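Asker: For the record, the sequence lines run as chains A and B.
Positions 1 to 66 (my numbering) are the ones given, in order, by the first sequence.
Positions 1001 to 1523 (my numbering) are the ones given, in order, by the second sequence.
Hints are all accurate, no fakes.
Computed cross-link-like contacts, BS3-like style, restricted to lysine-lysine with a CA-CA straight-line distance of at most 27 Å:
| hint | chain 1 | residue 1 | chain 2 | residue 2 |
| --- | --- | --- | --- | --- |
| 1 | A | Lys60 | B | Lys1055 |
| 2 | B | Lys1330 | A | Lys60 |
| 3 | B | Lys1234 | B | Lys1352 |
If you are wondering where the hints come from, they were derived from the structure by calculation, not from laboratory data.
From a predicted model like this one, the values you see are computed outputs, not experimental measurements.
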Amino acid sequence: MSKVNLGESLRKVQEIISWFDNQEEVDVEKGLEKIKEGTVLIKASRTRLQEIENEFEVVKKELEKE
Amino acid sequence: MTLLQELRKWRDTQARSEGVETFRVFPNAVLQSLVDTLPKNKEEMLCIKGIKDAKFRKYGLVLLGIIKTYSVFQNDNEGNVDTMVIHTESEEKVLENNKVSDHNDETMTDQTLSVSQFLDGLNVELSGMAARIQGEVSSVDERERVVYFTLKDDKDESTLQCLIFRFQYDVSGVKLKVGDQITIEGVPDIYKPNGRLSMKVGVIELSGAGALQKAYEELYKKLSNEGLFLPEKKRILPMFPERIALITSEQGAAIGDFTMNLGEQGFKVIFFPTSVEGKKSVFEIISAVKYFNRHPEKYDILVIIRGGGSLESLQAFNNEALVREIASSKIPTLLGVGHEKDITLSALVSDKMVSTPTATAKELRFHFDEARHRVHRFETQLPLLFKEILTETKNTLEGDTKTLLQYLQGFQDIFKTLRQSLREKLFIIEAFIRRKREFLSQNKKSLENGLLRMIGQVKENIDYQDSLLKQYDPARVLKLGYSLVKKETHIIKSCADIKIGEKLSLEFDQGKAVVQVEEIFEK
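Just chain A, same shape as in the assembly (with noise of 0.2 Å):
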């Protein structure tokens, strides 16, 4: 199981676009590196995002309380 946080990574790239919309005057230096932390960000989730067959465990109830 991965252990990328998708709810945690979405809202940091989210926070890095908002960022954009909201300079004026873009720091070069900064956008950059903004941009690259937003990749790997984006690449992190879309694998957790992959199709990943869910798992099932049953819980054996006689031998859980034996």
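For this one, chain A is given, so just place chain B on it according to the hints.
Answerer: Structure of chain B alone, referenced to chain A:
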């Protein structure tokens, strides 16, 4: 059917009759040991881990009967009657003494039993007579550990004494009152100290839709007053749950609908199968909720699902004990229990409820699907932003380059002007210096001549002064015959400066003399 299946079937029926969980009758491991060892008597059965005297007294003879019947059946099938299980005479005696069965009627009449043996035998037989009975409550006596009540037949006034243990009564969610129409499930049993027959009840349910509706409304009001349904009590479900604790039935459409609609999100579903209908399901679902809440940190969400049904079939989900168990869950809860009219109280108390198992699965995958769209959008948006930055940077650089070149050009112009100006200034300075040099060179001789002339004049002047000095020298006058009169160091120039009797010195060209004034003659 195998012996194990046979034993499990008996165990499940027995548990249901007693209103307890199956493992409380016998765990699977004990049933397996029975199959493995095929005990033929009490001693052999007591060798099995998990069966002691109390259990043997309660179930032993029935189990021996099942095993014996199975063995005989097996041997008959194999045509091997001669190799049937053979009991020793004493073992047979124990069995025969304790068991009252149709097969042993003849033996029974031949033997004299003690009262206790007889009642034990009766109880063994009665334990196989679990029943579901409907009637009206005619008396209730609630004690600390047991609740006694009487069930009356409304047609011929027949009565049946019943008892239910307090923990089962509390979980049943029914508060017995005289006049209630109820349905019970239980096993008849004779209490040996007084020989009275009572129904040992495991399950109590209210009968009739009106009674159920009334009970639902009363419990709703009670729990509502306690604030159990308040919106501020609802926790926000995790957007991306990964570890799902699932409670539902193994059978039925609910589990299929749920898994089919869950999609492949990489969920880890820990499934605790329970029944979802009837009082037994209350115990099972509560056990499951308790089980998951033993380690709440292991699960992101607790999901309970069941297909739709009538108020009667959904009674378990309106049970007070279950509702409270769900309310106290440390794991956020999502309920997907179908309903016809009233929403179940379990669903109302959960952090979020949806109407069907399918909707539950969709709720769980919703944010994953949305995340895919968002990631797809970000994948397009971020390169565009990158390109935008590059274009913007390029434009800025081009603009800045032009400005810089303009500045550079201006700077070069200024530099040229300054250099020209400097050259001119240097030329002037050079000319000035040259002129000054020439001037100095020309004036050097004049200066030398002037200096020599000045030296000659000074020399002449000195000579003149020297002659003057020589002329005024007192020594020259003294040589001429004059003398100097002094009083001490002062030269006497007048008679007024001296007094009679004073001593004066006379200085001559050659020597000195001291004289005394005797007389003064003033002019």
